Structure formats: C-alpha cells, structure tokens
Amino acid sequence: MAKDYYKVLGVPRNATKEDIKKAYRKLAHQYHPDKGGDEARFKEVSEAYQGLSNDNKRAQYDQFGRVFEGGQAGPGQGFGFEWPGGFRSDGDFGGAEFDFSDVFEDFLSGFGGGVRQKTRDRKGRDIKTELEIPFEEAVFGGKREVELSKLSRCSRCGGSGGEPGSKLESCKTCDGKGNIQKTQRTFLGSFTQVSTCPECQGSGKRPEKKCHDCGGRGVANAVERIEVFVPKGIREGEVLKITGKGEASVTGGVPGDLYIRVRVRPHPRFRRQEDDIVMELPIKLSQAILGDAVDVEMLDGEIKLKVPEGTQSGDVLKVRGKGAPSASGYGRGDLLIQIKVEIPRHISKKTKELFQEMKKEGL
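Residue numbers (the working numbering): 32 to 394.
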C-alpha cells in the first residue's frame, strides 16, 4: 500500500509549502542518523518531503497516490518495467540521474510534448572499506593511513578535462544541450528517452584540446593515501565516515564519501564489555586466603591491587575509571579483574602436612 506522505510529515492535505518545509525540518532533525535517530524513519520523511515540496510531484501524488519517478527503487535497481514498442525503463538511463516525472508530464500533456532538460551534477561514488586496528588503539584512539585506488580528479587538468590553457567550446555530440534525446512513437503516443551526453557528461561544454592524461574525462584512476583519525573508545564494527574522500564525480558534482568499518584485533589479555575492560588475574592460594597487594599491568600503566582476605576464584574486583573512554565522550568505564585462584599441582611434604592439619580443622 502506498505511503500517505501527509501523515508521514504530520500535515493536512491543504498544507502550504512553508508548512511542509517546517514539518520536514523538524522531523529530519529528530530522525537524522548522525544525531542517533532512526535511519529508516529519516528516509521515509525525506521521501515524503521530496514528493510534496515540488508542485508537479505533489499534483501527481494528490491525483494518483504516488510520484512517478525512480526514487522508490533501490540503488542500481530501478523499476524494470517495459513500455509498449520496446522502450524499457530500468531507472538508470545510461548512467545519468533521470527524473521519470518528466516523461509522465509529457504523457499527461499530450503524448510527447517537449521534454525539459534536467542535467544534474551527480555525486561521486561512495567507497566502503575496512580497517583493522589493535585493541589499544580502539581504546585510546590514534591516527592511521589507508591507501585506496580510486577515481580521482585528474592532477594534470584539475578536473576540467582539457589541456592546460585549452578553451571550452560547445559539445558537438549534444549541440551544447548536455543530454541526448531519443523519441519513439507508440500507439500511446511519443515517448522521449533522455540520457546524459557521454561526451561532455552533461555539461554541454568540451575543451578544444583534451587532457593528455585523462582523455578529457576530468578524472583518472589514482592511488591516494588518506589520513584517518580513530576516535577514543571506538568499538568493533563501528563505521567512520570521511566526507568527500570517495570517488570523484565524472559530471562535476561533489566527490563521494569514504566509509571505513573498524575491525578490532583481539588482545591476548584484555577484552571489551561495553565501556568496561575485562581481564583475568591469576593469584596464589595463599594470596586468596590471606589477602595481598598485587601489581597489575594495565593498558596504560601499572597499579597496586588490594586482594581481600578470602577472595574466591571467579570474584571480580573493580578498578573505577580505568576502562575504555565512554561512547558519550564523558569519562571512562571500569577495569574488571576476574580472579583465578591457582591450585598447585605439586607441594612439599611440609606444605602437605599443613594442609592435613587444616583438613582436620574443617578448612
């Protein structure tokens, strides 16, 4: 069942554009993932706003209960339906971002009227990668470099696509329009397919002389070393986002983003439990019975730990404020020390006699 955009935004059907904008801003702020909100709810609110903030799309929605464009499909999926006469829509259109509402408007206005040109600067592709760090770095933070092979702005032409000093001229492939139109007639009327010009990538301009390094594309494959700051207290599986460090856009848009999933290398002595750090401490039987002060090596130094008399194997002694930095940014968790009382496998004759006496006393 189609979503009710008005209910999603919490506005009446006669709401003004200003009312819709105010409602969207409030909900977007509330549900934004970067602020710890519900990502699915944020996407739903954004979809509703896109459908109602545009007059043409809102008119379509009010009449048909949906907006006729590729926004509902997942990345790289599109609609995948077929029109009579062999015209197929996959939501991709030659790699260009295409607003299907344009075609629908033509359909409503007389089967094949003029198609508006909508050239958009598409954002570069996002990159996802992983970074393994030692346990200590996950606790205390640090600085790393990751090496990526990616599509980057051409270093020779700076992204213009032309040789240094070369002037821009109108693209001959698309006559400076930025797109190429192909019209097909069917019994329903004329349908015009619009795709981004592959020569100028939608800009309508081309350099007189193409860049020698990138062949006029403005982008080229390159290896880049990127500095990554690992925050204190980061956990296994958390993702770092570095804005603008993804691939360069081939249409002059902003670069994509870099997403780094953190993998924490296990430590032989310590493990994480939320913001607490857990370790195991073996002690002698005599220390467990009589108590003692034991030197304990932590991640960031050494402490003298007081072991109380009568400590049992499995008891947990807590050292406050010596765990991992809190995810909230304030304070640290605790160091939890699990006691393991070691039972000797071999004892002297004298020790054995002492234990025999203890046994007689019921100990």
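Hint data in this document are derived by calculation from the structure and do not stem from the laboratory. Some clues are possibly wrong.
[Stated by the list, open to error] Restraint-style ranges between C-beta atoms, simulated for each label pair:
#	residue 1	residue 2	range
1	Thr382	Lys349	53 to 59 Å
2	Glu49	Arg302	49 to 55 Å
3	Asp323	Glu167	35 to 41 Å
4	Leu316	Ile257	17 to 23 Å
5	Ile374	Asp307	48 to 54 Å
6	Glu178	Glu70	28 to 34 Å
7	Phe171	Glu78	38 to 44 Å
8	Val309	Ala46	51 to 57 Å
9	Pro299	Glu70	43 to 49 Å
If you're wondering where the values come from, they're calculated on a predicted model, not measured in any experiment. Even glycine gets a Cβ: it sits at the ideal position worked out from N, Cα and C.
Now for the hints, and whether the structure bears them out:
1. Thr382 - Lys349: 53 to 59 Å: 32 Å, violated
2. Glu49 - Arg302: 49 to 55 Å: Hint holds: Cβ distance 54 Å, inside 49 to 55 Å.
3. Asp323 - Glu167: 35 to 41 Å: 28 Å, violated
4. Leu316 - Ile257: 17 to 23 Å: Cβ of Leu316 to Cβ of Ile257: about 54 Å, so the range 17 to 23 Å is violated.
5. Ile374 - Asp307: 48 to 54 Å: At 28 Å between Cβs, range violated.
6. Glu178 - Glu70: 28 to 34 Å: 30 Å, holds
7. Phe171 - Glu78: 38 to 44 Å: 41 Å, holds
8. Val309 - Ala46: 51 to 57 Å: 54 Å, holds
9. Pro299 - Glu70: 43 to 49 Å: The hinted range 43 to 49 Å is violated for Pro299 and Glu70, with Cβ atoms some 37 Å apart.
Of the numbered hints given earlier, the model fails hints 1, 3, 4, 5, 9; all others are met.
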